[in-house]
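Protein chains in written order, with numbering that gives the first Met the number 0: chain S, 0 to 196; chain C, 0 to 205.
Because the hints were derived from the structure by calculation, they are not lab data. Idealized CB from N, CA, C, for every residue including glycine. You may find that some hints are simply not true.
[Said to hold, decoys possible] To spell it out: a stretch of chain C is covered by chain S in this simulated footprint if at least three of its residues, at any positions, have a beta carbon under 8 Å from a beta carbon of chain S; those stretches are: (1) 50-58; (2) 73-84; (3) 90-104; (4) 177-187; (5) 193-199.
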Amino acid sequence: MAPNISPLVILIASIFTSNMILSNFLGMCSYLSVSTEYKTATGLGMAVTLVLVLTTAINWLVYTFIIVPPELYYLQYIIFIMVIAALVQILEMGMDRYMPDLHAKLGIFLPLITVNCAILGVTLFMVIRHYNFIQSVLFSLGSGLGWWLAINMLAAIREKLASAKLPPGVKGPALSFIITGIMAMAFIGFSGIFTIQ
Amino acid sequence: MAAEKLSANFKRNMFTENQVLRAILGICSSLAVTNTMRNSLVMGLGVAFVTGLSSLTLSAMREVIPHRIRMLVQTLVIAVYVILVDLLLQAYLPEVSKQLGPYVGLIITNCIIMGRAEAYAQSNPPIPAMFDGFFAGLGYAMILLMVSFIRELLGFGTLFGFQVIHTAPENLWTIMIMPPAAFFIIGSMIWFISARAARKAAAKAK
Chain S
0 MAPNISPLVI LIASIFTSNM ILSNFLGMCS YLSVSTEYKT ATGLGMAVTL
50 VLVLTTAINW LVYTFIIVPP ELYYLQYIIF IMVIAALVQI LEMGMDRYMP
100 DLHAKLGIFL PLITVNCAIL GVTLFMVIRH YNFIQSVLFS LGSGLGWWLA
150 INMLAAIREK LASAKLPPGV KGPALSFIIT GIMAMAFIGF SGIFTIQ
Chain C
0 MAAEKLSANF KRNMFTENQV LRAILGICSS LAVTNTMRNS LVMGLGVAFV
50 TGLSSLTLSA MREVIPHRIR MLVQTLVIAV YVILVDLLLQ AYLPEVSKQL
100 GPYVGLIITN CIIMGRAEAY AQSNPPIPAM FDGFFAGLGY AMILLMVSFI
150 RELLGFGTLF GFQVIHTAPE NLWTIMIMPP AAFFIIGSMI WFISARAARK
200 AAAKAK
């Protein structure tokens with residue numbers, strides 16, 4: 000049964016209080032590697048948000064109408080990952096054909112997204128928490144926006160720090176982790192507003 | 000490629016080229032499950048199992064998989080083993096399975112597994128590939144246990160659920176079981192390791 004939470008609460012909570020990166024650690028790989036430039040980070044954030052909303056909506060329909068009736072629960076991982084891979088492929092081809100401008104901007108990120116764990120993660124959270132359709136869509140939108148916000152913040156900070164003199168060894172991933180840790184601490188401040196599990 | 004000795008492979012995967020600290024792979028799950036040592040151990044062994052067996056399978060099939068769709072095949076093989084791990088956990092350790100939640104399913108997108116498949120299993124015979132994958136998983140498990148050791152000890156005062164530090168709850172560091180601590184601990188570990196590697200490289204250059 001769907002939990003009795005207002006979809007709007009889910010939207011806000013998934014951006015701030017249970018941010019995909021800062022409290023669920025999902026999508027870290029591309030978050031760390033594509034955050035050196037603010038502009039590229041914006042592009043990736045946009046692409047992730049778009050794919051998240053589309054895949055979660057489709058996966059909800061697939062789960063409710065294809066997996067649940069014949070009780071194919073043990074196949075759900077394979078089905079979800081296939082849906083994600085196929086959708087990203089179709090999106091890339093469709094964008095290339097009909098929206099070349101957007102494709103030039105987001106195209107290079109799309110293949111990266113198939114293996115972004117945030118996408119599969121949001122789908123699995125949606126299944127575990129029994130969200131209904133509207134809740135799932137807003138949850139995925141919030142998660143995408145939260146991911147986008149976090150990668151943009153990190154990219155902005157890293158751009159400013161690019162010329163800083165740092166101790167050896169801290170440059171690169173170690174620094175990103177420490178910055179992210181401080182960001183996560185700051186985001187704990189939001190947790191008083193409301194929480195979703 | 001010259002055949003690598005098993006012990007050399009073990010050393011490479013556990014220490015010199017540890018997947019988490021040196022290659023920064025598989026980070027997502029390594030942060031999320033490390034608030035208790037029990038969860039980390041289960042997760043680490045699960046990943047070692049999946050990496051080993053999927054490397055074995057993919058290496059055995061490396062001649063027959065068409066190059067262009069190999070990513071798809073890899074993902075499917077990995078997903079099959081992850082389902083196996085998930086079902087085993089649900090049957091024998093239902094409580095841990097519940098706590099790990101979506102992170103068991105997320106082993107599919109753990110980059111270590113595909114990384115080993117691409118970097119090693121594709122060009123090596125099945126048995127060495129299996130050990131390579133298994134050792135890479137063990138290296139991952141080791142880091143998970145190190146992080147969770149710090150977090151569980153300081154955050155709950157326990158190790159594997161046994162009370163080690165006897166103190167009032169308000170004296171424990173709650174921050175340790177919250178997300179930021181995971182970032183700080185892994186960040187410091189990477190810092191330490193790469194500073195050491197840089198120093199060694201500099202000493203060699205002289």
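Going through the hints against the structure:
1. 50-58: violated (count 0)
2. 73-84: With 6 residues closer than 8 Å to chain S, the segment 73-84 of chain C meets the three-residue bar; holds.
3. 90-104: holds (count 3)
4. 177-187: Since three or more residues must qualify, the claim that chain S covers the segment 177-187 of chain C holds, with 10 doing so at under 8 Å.
5. 193-199: Result for this restraint: holds, n = 6.
This entry does not satisfy hint 1, going by the numbered hints stated previously; all others are met.
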